[in-house]
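Based on the hints, put chain B in the right spot on chain A.
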Amino acid sequence: MLWLLAVSMGASAIGGALGMAGGMFIVPLLTVCGGLDIHIAVAASIVSVIACSCGSAASFLAHGLTNIRLAITLEVATTLGALTGVCVAGHLPASSLCVLFAAVLLISAWQMAGGRRAPIDSIDDTRITDWATALRLHSSYPDPTHGRPMFYRVRRLRLGLALMYGAGLISALLGIGSGVLKIPAMDSALRLPIKVSSATSNFMIGVTAAASGVAYFFQGIMQPMIAGPVAIGSVFGAWLGARLLLRLPGEKLRLVFVGVLVLLAVQMLLTAAGFHPTAHAA
Amino acid sequence: MNQSSLEQLLARVLSVGTWLGTAIIAAGLGLRCMAWGQGQSAQVCMRMASLGIALFILLPVLRVALMAVAFIRMRDFVFTAMATTVLVIIGLAACFGTPAG
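Chains A and B supply the protein sequences, listed in that same order. So for the first sequence, the working numbering puts the first residue at -9; every next one is plus one. So for the second sequence, the working numbering puts the first residue at 23; every next one is plus one.
In isolation and in its complexed conformation, chain A is listed as follows (with noise of 0.2 Å):
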């Protein structure tokens, strides 16, 4: 149970270091070092998905950067994707489920490296009549360097709405926030500033990890002797990660999680292959 707790606790903190969920290592390191079924992993995971949101979305909101009405607007999207998740999750088998994670790995791996543009915006304003501009979801932030609230128009909604739920469906199917997809479609979709799209991703990720979580948890495949020190070590895990963000050179940190990631996607392809480097010595 220590090792759940100090597992998840460095997870958190190295996704909250990098400003996402620690999902993405903890169902690896569940099922490839600690043997765990990689549906068990996922359950557990989900909760601390959960934890991650909910723990920093206070700061978030206080400073303004959640885009609330965007947020539900998504949520459709996400929770949609999530019982779509849900409904098909039972069926797959764990060998392929570990083959798909290891392919979001490798993604990330690939987007981490390229690092995150701003948007270039591309101004075409003359479709004002959209649905985004219909639903009054373009708003402002207040930015500390220029002292004044910097305006922000949503674009391309539909898109957006549709990578959505393909993030609720990985989500999920996964266990993880999924960034992977989620940040695509808020730089290059709907084209927010970077600070707004990762607080209001943050906000909506619990929800999303709650769709699939109430389902996993009905199921009864959440362990409460595996997610709870799971959750437990995220909730300080992510706080720590938080503080570690603004201390860290970011650079490097950035190409050693590129390299970690490669390197767990390797090994969830050799568990999907049925290779257990590990598991008879846990």
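Check each hint, because a few of them may be wrong.
[Stated by the list, open to error] Derived contacts from chain A toward chain B, CB cut-off under 7 Å, selection only:
1) Cys44
2) Leu51
3) Leu55
4) Ile62
5) Val66
6) Gly104
7) Trp121
8) Asp133
9) Gly196
10) Gly203
11) Pro214
12) Ala221
13) Val225
[What the hints assert, rightly or not] Covered stretches of chain B, as calculated for chain A (at least 3 residues, CB under 8 Å):
14) 32 to 46
15) 74 to 84
16) 88 to 102
17) 106 to 118
[Claimed, not checked] A few chain A residues that don't get close to chain B, going by computed Cβ distances all over 12 Å:
18) Gly45
19) Glu65
20) Val76
21) Gly80
22) Phe247
23) Leu259
Keep in mind that the hints were calculated from the coordinates and are not lab data. Where is the CB? At the ideal position from N, CA and C, for every residue including glycine.
Just chain B, lined up with the frame of chain A:
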């Protein structure tokens, strides 16, 4: 209620809920590890840990419910409908998770 006071309320609820959930799980697991870990009382401890986990899962749901109520009070019915839809979808997921019979 305006939007910024809604944001403050959500921030409070989420942070209080997080620490409460953590405390309940920690208490359950802690007692399980101590001398209580036998028979009937061990089950009670596990129930407690499960309760804490359930609280975590319900926290975002509560957040959406609060938003739905706030949108009603702001007379913003499109957003009330969206928040309600999210709640219905989560309800469906819960029904799907409940074993039949």
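Hints versus structure:
For A:Cys44, the interface hint holds, since its Cβ comes within 7 Å of a Cβ in chain B; the closest pair sits about 5 Å apart. The criterion of a C-beta within 7 Å of any C-beta in chain B is met by A:Leu51, whose closest approach is roughly 4 Å, and the hint holds. Interface restraint check: A:Leu55 against chain B, minimum CB-CB distance 10 Å, threshold 7 Å, status violated. Hint status for A:Ile62 relative to chain B: holds, with the closest Cβ pair at about 5 Å, below 7 Å.
Checking A:Val66 against chain B: minimum C-beta separation of about 5 Å stays under 7 Å; hint holds. The restraint placing A:Gly104 at the interface with chain B is violated, with a minimum CB-CB distance near 31 Å, outside the 7 Å limit. Because the closest C-beta pair between A:Trp121 and chain B is about 11 Å apart, greater than 7 Å, the hint is violated. Evaluation of the A:Asp133 hint against chain B yields a violated restraint, the C-beta minimum of about 17 Å exceeding 7 Å.
Look at A:Gly196: its Cβ gets to within about 4 Å of chain B, closer than 7 Å, so that hint holds up. Because the smallest distance between the Cβ of A:Gly203 and any Cβ of chain B comes to about 4 Å, under 7 Å, the interface hint for this residue holds. Proximity of A:Pro214 to chain B holds as hinted, the smallest CB-CB distance being about 4 Å (cut-off 7 Å). For A:Ala221, the suggested interface contact is upheld, since its CB lies about 6 Å from the closest CB of chain B, less than 7 Å.
Satisfaction of the interface hint for A:Val225 is found here, the shortest Cβ-Cβ separation to chain B being roughly 5 Å, below the 7 Å cut-off. Coverage of the region 32 to 46 of chain B by chain A holds [criterion: at least 3 residues with CB-CB distance below 8 Å; count 10]. Counting residues of the region 74 to 84 of chain B whose C-beta sits closer than 8 Å to any C-beta of chain A gives 9, which meets the bar of three, so the coverage hint holds. Taking a C-beta to C-beta cut-off of 8 Å, the region 88 to 102 of chain B contributes 3 residues in contact with chain A, enough for the three needed, and the coverage statement holds.
As drawn, the region 106 to 118 of chain B meets chain A at 8 residues by the rule of a beta-carbon pair under 8 Å; at three or more, the given contact holds. Not every C-beta of chain B lies more than 12 Å from that of A:Gly45, the closest at about 5 Å, which undercuts listing it as non-interface. Distance to chain B contradicts A:Glu65 as a non-interface residue, since its nearest Cβ pair spans about 5 Å, not more than 12 Å. For A:Val76, the shortest C-beta to C-beta distance to chain B comes to about 5 Å, within the 12 Å cut-off, and the non-interface label is violated.
The claim that A:Gly80 lies off the interface is violated: its Cβ sits roughly 10 Å from the closest Cβ of chain B, which falls inside the 12 Å cut-off. Distance check for A:Phe247 against chain B: the nearest CB is about 25 Å away, which clears 12 Å, and the non-interface claim stands. Every beta carbon of chain B lies more than 12 Å from that of A:Leu259, the smallest distance being close to 29 Å; the non-interface claim holds.
Going through the hint list in order, the structure does not satisfy hints 3, 6, 7, 8, 18, 19, 20 and 21.
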